[in-house]
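Engineer: The listed protein sequences correspond, in order, to chains X and U. Quick note: the first sequence, position 254, residue 254 per full-length UniProt numbering, numbers continuous. Quick note: the second sequence, position 258, residue 258 per full-length UniProt numbering, numbers continuous.
The hints are simulated quantities; they were obtained by calculation from the structure and are not laboratory data. Where is the CB? At the ideal position from N, CA and C, for every residue including glycine. There may be inaccurate statements among the hints.
Claimed, not checked - So, partial list: chain X residues that the calculated Cβ filter (under 10 angstroms) puts toward chain U:
#, residue
1, E14
2, V43
3, D184
4, N190
5, A252
6, G254
7, G317
Said to hold, decoys possible - Below, simulated DMTMM-like cross-link-like pairs (lysine to aspartate or glutamate); rule was C-alpha separation at most 25 angstroms, straight line:
#, chain 1, residue 1, chain 2, residue 2
8, U, K264, U, E294
9, U, K264, U, E243
10, U, K164, X, E14
11, X, K263, X, D32
12, U, K263, U, D226
13, X, K164, U, E14
Here's the letter readout for the chains.
There are 2 protein chains.
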Amino acid sequence: MTHPVPMTEIRRGEFLESWHSGHAVICDAGGDIVQSWGDPSLVVLPRSSSKMIQALPLITSGAADKAGLSTEQLALACASHTGAAIHTDRVQTWLDTLGLSDAALRCGPQEPSDLPARDGLIRAVETPCRYHNNCSGKHAGFLTLAQHLGAGPEYVEADHPVQKAALEAFERVTGETSPGFAIDGCSAPNFASTLHGMARAMAHYAASPDGSAERRLHEAMRLHPDLVAGEGNACTHLMRAMEGRVAIKTGAEGYYIAIIPEKKLGVALKIVDGTTRASECAIAAILVKLGVLEPDHPATRLYMNAPIVNRAGQQTGWIRPAAALA
Amino acid sequence: MTHPVPMTEIRRGEFLESWHSGHAVICDAGGDIVQSWGDPSLVVLPRSSSKMIQALPLITSGAADKAGLSTEQLALACASHTGAAIHTDRVQTWLDTLGLSDAALRCGPQEPSDLPARDGLIRAVETPCRYHNNCSGKHAGFLTLAQHLGAGPEYVEADHPVQKAALEAFERVTGETSPGFAIDGCSAPNFASTLHGMARAMAHYAASPDGSAERRLHEAMRLHPDLVAGEGNACTHLMRAMEGRVAIKTGAEGYYIAIIPEKKLGVALKIVDGTTRASECAIAAILVKLGVLEPDHPATRLYMNAPIVNRAGQQTGWIRPAAALA
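Please put together the full structure from these sequences, using the hints given.
Structural biologist: See the structure below:
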């Protein structure tokens, strides 16, 4: 196996305090590797970076159009949201439309990372609901598809028609037979692929024609960066900075993808230690290298060459791309 | 430089999802290396793992005895606490005794990680104070020493007598000239050393005679594991599991130390990517290898071979020591 490549450095004063290594692939619409770092054949779970693939059958089945889903709902189906009111209000309305309640969701409850929402729950002495889970939009999409297919309520079981459709879509767009799956934080199966496979899938999205399911999903993401993540999150900040031209999506354990329609390129990267601060810095550096993100944009500077500020407000260090990405 | 060694693995289902590498040293009372992984000469900031060294001048100067500090206060001086009432009540009383208020602390405010304390502040619509900072006990110790020395209020300046004394203590117990310092999250200087130097210092503590300043500090830590960290934290869980025989202390960015008096051994370890889940697993594995922590103790199993449980309560994976530590 090719060793991972140092991608992100944490400096404190004059010292290199910590560093993160990873693997990354940039792929073109033909599925060929344009550039890579480390091992493109690394098999890894893409986690939430694959949500736009898990949402594909929602459109290809006709379920989204039959239910009249808006671009906001499609963006939420691809989201890892912060549990803010802009997310949970929409998911609750979506569940209402399906004639379902919070209990139909198979993700567990999660405290919102959005501070006003979190503090509101604490002050009301209420516990979080399942619709607060960062994946609740994906699950609302799964439920919409399950209803459309006339399938049962246990839609996160691997042999449920919803997950069979998700696997079929995953293997089709990655161009690989998935070696298997693991259970995600939200209880849904998460299918594994090589990094090359995920980059190939993202390039396929980038090159997808007008009106295709793939195009409709990344258009929805680019149109609603606030729904795909939320205030204070890298996906939202960086998609806004790129003014809707590029879709990006984080995944747990240091995964990140990018879909770049104007260049028909896809990117997949994995920080091997699973750290989000590093994957955010690395994806920003790659987007800058590709010329689609301004290096001096204030949002870019939150993740690439970002100051580390202590609790008294002093700058104590920096998060920087390592030499391979600088 | 010797490469870091894989120390902790994150498995999800059948997949190795993420992994963490690091360096570690076990040292004896003569300062010699008993066992090491990776590079003992790695220079790194020990962060809060050096608090029992930063507290040394508090005792050697006579300040602690003049102020009549209790073992609880000595434990707090070495603590990274959760901001629970058991910590903040004691720090506030300590400041009162010094005739000082929260404003005298030079650490910034920090939201408590203790959930009852956090939720109490949110419900009262109050912002955190400096005494909630996880380092507030260390700072109360610095203030006690500053008063004893008749020195000014800016005790985190590198040329302040308190920090000069901390550096002198650090170089004496590590047996090294420190190559420099960086500013910590709490605004105090944090002095760098090799991992060998920190392990040597911890072995020196382990072998220190009855009544010595070093012995009094690690005795206080072992006597009050709840004050050194707090409920839900590895330092507290694992020190309780070892029934007061071993002192351990986490530091930010993946540092950990252990002081093992019964074997006159010291341990220092650094996970290069700075991740606490990995340093907790690695220190537990080393303590098990050294025969001072029971592998089947419920507390051990929280950090070594710990289940990863998702938001719906399903086990989705494991955190395990890698081959080098298994």
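Engineer: If any of the earlier hints don't hold here, list their numbers in rising order.
Structural biologist: none
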